[in-house]
Structures are given as C-alpha cells and as structure tokens.
Amino acid sequence: MNWHEEHGFIEDPFGTGKGAFVQQAVNLNQPAEELIYNIEAGNMVLIQGSKGTGKTTLVFAAVDKFRGERKVIYFDCEKDQVDIKKLMQNKYGIIGKVFNLLPKGMVLMLDNFKSLSKRDIQLAKYYYDNNYLRSIVFSGNGIELPENIKDRIGSRIIKLKQLTAKDAVELVKNRVGSLEFLPEKIIKKIHAKSKDTAEFLKNCSSACQKAADEGAAQVSEKHLSGKNE
Amino acid sequence: MSETWYESLGFSTNPFTIKPAALNNDIFGIQSQPIIEKIGNGETQFVEAPLGMGKTTLLKSIIAKFGGKRKLVYANCIKNECLEVRELLKNATLKGKLFGTMPREMIMMIDEAQSISQEDAQEITDYMQDGRIKSVVFFGTQYKKKQLTDQLNKSLNGNIITIPYMTPDEAVQLVRKRTGNLKLLPDYVIRELYGRAAGNPRRLLQHCEDICRKAAELSIKELTLTDIGILLKTPQTAFKKTKRAAAETAKRTRRKTNKSSKKTAKRSGEISTTVTYSGYNLDDIRTYEEELPKRAQ
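Those sequence lines, one after another, are chains C and U.
Residue 186 in our numbering sits at position 137 of the first sequence; the count goes up by one each step and never skips.
Residue 198 in our numbering sits at position 196 of the second sequence; the count goes up by one each step and never skips.
Some clues are possibly wrong.
[Claimed, not checked] When the alpha-carbon atoms are kept at most 25 angstroms apart in a straight line, the in silico DMTMM-like pairs for lysine to aspartate or glutamate are as follows:
id : chain 1 : residue 1 : chain 2 : residue 2
1  : C       : 167       : U       : 121
2  : U       : 21        : C       : 83
3  : U       : 21        : C       : 89
4  : U       : 21        : U       : 5
5  : U       : 216       : C       : 132
6  : U       : 223       : C       : 82
7  : U       : 62        : U       : 45
8  : U       : 21        : C       : 132
9  : U       : 216       : C       : 83
10 : C       : 222       : C       : 248
11 : U       : 146       : C       : 196
It should be emphasised that the hints constitute simulated quantities derived from the structure, not laboratory data.
Start from the sequences and build out the full structure, keeping to the hints where you can.
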C-alpha cells in the first residue's frame, strides 16, 4: 500500500508533475506577480533558472491567470516543432485557417525555448512588433537569444533561485498540512542532500514510503540513508 | 492581482509600450519628409541605425503617408524565407490579383534588410530595370555592400541615411506625447533618464516604465533626481554594454563620414558614456545637451 493512501491522500502530495500544485508554490509568489504584471503591460519576458527551480510551474501560474479568454498560447518547444502562425490561427478554428485570420493581442508562452530555431524567434518578434502578440514569455536556459530580442527584453529577466531550507519546510507544510509524520529536522536534511526542487520532492516521497513500509510513526534518519537502492 | 501602476494613474494600457508606432505614427528626431521626397524622385535609399533607434517606427510613418494608393509594397526579410518579389507585386493591385498583370512604378519598403539574401537583391534589381519598381527603401542595422548587387550599390550612392540621436527636448516631447501632462514625471527627470539611456529611445521608454512602476508602488507624487539614483539601479553589465555600443557606433560613423562630422561622432561616443557614469548631476546634463551631435541632413 502506498504511504499517501495510508495517510489519507488520494494522490502523492510530493508529485512532481509539470506545473502541479501551482497554488502551493512557496518561493514563486513574487516572480509570479512580476510575470503577470509584465504580460499585462505588454513586455517581453525571459524566465531563467536551472533545472527544477519551477520555471514551468511559474508559467502555468500565469496561464491559470489568463485562462478562459482564448488569449494564451502555451507551447513546449521540446515536444514538437513549433509553428507559431498555425498556433495563432487555431483561435478561430477552421475559418481562421481558410481565410488566413490572425488574432490580435495574444500572449505567447514558449517553454524550453532552447530548441526553437532562430527563424521562429524572429517570426515571433515580427508578430510582437505588429501587435498580433501582446506579450511573449521565453522560459528555459541554454542558448543565447538574438541581439534584437535581448534589446526588447531589456532588464525584464526573472531569475529563479534554488529552494532555501526555510522555503522547503514551508513547501512541505503547504502540501501535506501538518509536519507530524515528516518532522522539520528531517526535511532540512533531505533538502541538504538534494540538488533541486524536483529531486527534493522525490526524496521526500521515497523517505515517507520507507517509513510507511516499516510502520514507523515518524520519518527518521534511517529512512533517508537507504534511498539509493 | 490588484490594479497596475498605469491603471492607478488613469491609463488603460501601458503608455510606455516599446512596440513600434504602437500609439501613433509620430516620430521625433528625424524628418520623414526628405525621405518621402527622394522616394518621389525614384531614388534608392538605405536607412541604417542600431537596435531600438526607431527604424520600424519611421517605416510605419512613411507607409501611413502612402496608404490607400496601392503604390507601396512592404516586405520583411525575416518573416518570409525568400522575399517572393513577384508575388508581392502581383498581389498589390486588384488587376494583378485577377489577371496576373504586373503593376508599374511601385515603391518597395524592405525591413530588416541586414539579412537580405543575394538572390532577392538580384530579383529586385531585375524588376527595377524593367520599371516595375520605382524606388526601394531598405531599413537595417548595418549596410553591407556584399549583400546587394552592384547596380543597387551604385544607385544607393550617398543615400545612406543614419537616424540621428534625439535631442533631450525631443525626448521630452516623445514622453509627453504618450503620457500627457503627467505630474509624476517632470521634464528634467525625463532628460536625466534619456541621458542614462545613452540616446536610445527604446531604453528610455523601458526606464520610464520601470521608474513609474516603482514610484507608484511607493506612492511617490513627483519624482526627483535623487529618486532616480535609488530606484533605477542599472546593473554593471549594462554600463559596459552601452559603453561598447557607443564606441562601435562612433567607429562606424567615423569610417564613413567626412572630416567635419568626424568630430561630432567622436564626441557623441564620449558623451553618452560619461553621462551614464556620472549619475545625476545637473551640470552634466547641460553639457550633454550642448554637445549633442548636430543633425546630419
């Protein structure tokens, strides 16, 4: 039996699905506000941060904000070849494709922009300049953006930092509710051992599973050591 | 989120948006009239300016003057893989669309001309010899002889236009046009911000937006020069960048223009760097204003 079912959760509270638990994100409140402001004001934004710091979660928080108006395009560039024109024409369905209609004032969010070609970036810039796109959000790291895009972004770069120990405790508290089963001391230990947020959550989950398997009342240090098996 | 700073000041949208010609077609710092006259004479021109100086805004204001006459074709070198000049000319008029006839004496505007391919340049020359195209205006960050054909280079002779720096007064006008008589931003603050932007209009607008946003958060009624120093912390890398960019433009203009403009170009490089470094000193702003390069006309 899974540990979370034993403790009354339907799903694993430490799940690391993309953009899962947007509301509970602790260290992203201020960046999310910044991002949403910049989208509303019509600026180009770049989100930077190493792996697992919550870039996608942040983008999803903004998608949530503008959902329901058919104004947001979210695209994960790693998944598929991006065709920005096609994405925009989808707003009007088949009619849009036949008559070549382009909507105005859309918001484009490009996740993992590393795999975008240079031409696609320039095309996005063209649509931005001509007001078809209200704002563009680039998320990811790796390659450098072309000079004219950088000039438009200016100082609007949101840098995501690694989770601090204090934030880690807060995060677990938000997700689980109480710290009875997983004490604060242990959380800080797990945090010190893991490299990024995603790994931290995974380690939390496995430690809890181990404790539940043994029937212990609390997660203790011995449950941490054997997690490499 | 609650209302943004511009909503609390009474604007419905962000007044400092950096999109070209977003609010109106007005341009400051360069007159579009000489360019339009040269188009009328059938001359080829190349407008050259660094990023964010207002190339596309100028282009859009020229297009607005020719609007509705079906005489002008606009092409963007980046948007299309090849320009397809033939298709563009055909689709410009109704007759061409229906019967496939080619119009005569068209005006062609080409944006982002720094990435034009040689085949496209060849095609344009061919149509120019046929008399289908009367005049071409290129807009790009840098003019390279190699990219264009010999004939285009020949007809371009002397018609390379650089967009000059705005004077601080024009910068004030630009901001006033967008904000009206906003009390938060006094004129001398705009001048100082323009100095910090090293003469770049896009950077000026970005600075204005940043500072107004912060001021509205702190509910400041009227900005002063000391506020700028505290609120607008430009990172060290930006300093270096503006210094390098200024040096590069100074070098480029020195290469091309004759002796008389040599001095002004050299000076413009110096000034923009000194102003960004020296911070908020009224004396410095005055010297900047006096020594600003005169318009190349």
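Going through the hints against the structure:
Among the hinted pairs, residue 167 of chain C with residue 121 of chain U is consistent with the structure: their alpha-carbon atoms are about 21 angstroms apart, no more than 25 angstroms. Only pairs whose Cα atoms come within 25 angstroms are accepted, and residue 21 of chain U paired with residue 83 of chain C is accepted, the gap being roughly 20 angstroms. Straight-line distance between C-alpha atoms of residue 21 of chain U and residue 89 of chain C comes to about 14 angstroms, which keeps the hinted pair within the 25 angstroms bound. With a C-alpha separation of about 22 angstroms, the suggested pair residue 21 of chain U and residue 5 of chain U falls inside the 25 angstroms cut-off, and the hint holds.
Between residue 216 of chain U and residue 132 of chain C, the direct Cα distance comes to roughly 37 angstroms. Violation of the 25 angstroms bound is thereby established for this hinted pair. With a CA separation close to 24 angstroms, the supplied pair residue 223 of chain U and residue 82 of chain C stays within the 25 angstroms bound. Between residue 62 of chain U and residue 45 of chain U, the direct Cα distance comes to roughly 19 angstroms. Compliance with the 25 angstroms bound is thereby established for this hinted pair. Of the pairs offered as hints, the one joining residue 21 of chain U and residue 132 of chain C holds, with about 22 angstroms between alpha carbons and a cut-off of 25 angstroms not exceeded.
Taken as a hint, the residue 216 of chain U and residue 83 of chain C pair is honoured in the structure, with Cα atoms around 12 angstroms apart against an allowance of 25 angstroms. Restraint check: the Cα-Cα separation between residue 222 of chain C and residue 248 of chain C comes to about 17 angstroms, which is no more than 25 angstroms; the hinted pair holds. With a CA separation close to 18 angstroms, the supplied pair residue 146 of chain U and residue 196 of chain C stays within the 25 angstroms bound.
Hint compliance for this structure: hint 5 alone is broken.
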